[in-house]
Amino acid sequence: MSIACTGEGRTLRAALSGEVDHHRARALMGELDTLIESALPRSLTLDLSGVTFMDSSGIAVVLRAWRRMGELGGVLRVSGVPAQAGKVLRAAGLDRLFALED
Amino acid sequence: MKQQPGNEVLLRFLSRSANEGFARTAAACFVAQLDPTLEEVNDIKTAVSEAVTNCIVHAYPNCLGPVQMRLRLFEDRTVEVVVKDSGVGIADIEQARTPLFTTGNGERSGMGFTIMESFMDQVKVRSRLGKGTTVVMRRRLSSRAAAPV
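Line by line, the protein sequences are chains A and B. Letter by letter, the first sequence follows residues 1 to 102 in our numbering. Letter by letter, the second sequence follows residues 103 to 251 in our numbering.
Quick caveat, the hints were computed from the structure, so don't treat them as lab data. Fair warning: there could be bad hints in the mix.
[Said to hold, decoys possible] Chain B is nowhere near these chain A residues, computed Cβ spacing over 10 Å in every case:
| # | residue |
| --- | --- |
| 1 | 2 |
| 2 | 34 |
| 3 | 49 |
| 4 | 79 |
[Stated by the list, open to error] With a straight-line Cα cutoff of 27 Å, these simulated DSSO-like cross-link-like pairs (lysine-lysine) come out:
| # | chain 1 | residue 1 | chain 2 | residue 2 |
| --- | --- | --- | --- | --- |
| 5 | B | 226 | B | 104 |
| 6 | A | 87 | B | 186 |
| 7 | B | 186 | B | 233 |
| 8 | B | 226 | B | 186 |
| 9 | B | 104 | B | 186 |
| 10 | A | 87 | B | 226 |
Beta carbons: idealized from backbone N, C-alpha and C, even for Gly.
Just chain A, with the same shape it has in the complex (with noise of 0.2 Å):
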């Protein structure tokens, strides 16, 4: 398990950490779906504090979790948002679809 998962009833805190690319992107985003499908969540904050690099498969860990959590009537927080990391989010418009908090 590479995400570390914390928090109570229906509002849980997901943080990633580590290198965020291809050739880790499905196993996050089979963690992330998991996590979702059995917490049912009113509110996931991602915290990506501890990410030390991402791409573009980034853009689309992030894009499904938010998906899924408005599927599902809750809301998405992406927290903690390092520098690069924040650079590649912004470069594809998500500020505009959820803030991007540092």
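Go by the hints and put chain B onto chain A.
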């Protein structure tokens, strides 16, 4: 007259996804001799990651194949990255460069070329169906005091 590179390296590796990290880290190490800013290194690493991932996902969809990456550093602090494959090629380059367009499944964002274009000064793509694709990217680094090649 065409500028001669001050330094050059050529790498050849298999289209395994584990090599995405290898390629961008190797590029960062080589570019380090120009004393780039952290943001410049990260931008180049990100663009390299996108170009190499395209070879792995799209050029060789059902097999492994060779990927070649050439890095050149020029006296005017321009970094040139050439990523070349001998894979299936791109049918419509303009379409491939369109934001959100992807032939991949829901696991791909379709933002690879958009990221390369936003993070580098220049991105050129040449491709022939059945022959392969070459991506040439250039980025001129900011001037820094005492930064010899």
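Here's how the hints hold up against the structure:
1. The non-interface label for residue 2 of chain A is consistent with chain B: the shortest C-beta to C-beta separation is roughly 14 Å, beyond 10 Å.
2. Under the 10 Å C-beta cut-off, the non-interface status given to residue 34 of chain A relative to chain B holds; the minimum distance is some 16 Å.
3. With a closest Cβ-Cβ approach of about 16 Å to chain B, residue 49 of chain A is found to remain outside the 10 Å limit, as its non-interface label requires.
4. Distance check on residue 79 of chain A: its Cβ is at least 20 Å (rounded) from any Cβ of chain B, clearing the 10 Å threshold; non-interface status holds.
5. Distance hint between residue 226 of chain B and residue 104 of chain B is fulfilled; the C-alpha atoms sit about 18 Å from each other, no more than 27 Å.
6. Distance restraint check for residue 87 of chain A and residue 186 of chain B: the Cα-Cα separation of roughly 26 Å lies within the 27 Å cut-off, and the hinted pair is therefore satisfied.
7. A hinted pair counts as satisfied when its Cα atoms are at most 27 Å apart, and residue 186 of chain B with residue 233 of chain B qualifies at roughly 11 Å.
8. Taking the CA atoms of residue 226 of chain B and residue 186 of chain B, the gap is near 12 Å; set against the 27 Å cutoff, the hint holds.
9. Proximity of residue 104 of chain B to residue 186 of chain B is assessed by CA-CA distance (about 22 Å); at most 27 Å being required, the pair is judged to hold.
10. Straight-line distance between C-alpha atoms of residue 87 of chain A and residue 226 of chain B comes to about 22 Å, which keeps the hinted pair within the 27 Å bound.
In this structure, every one of the numbered hints holds.
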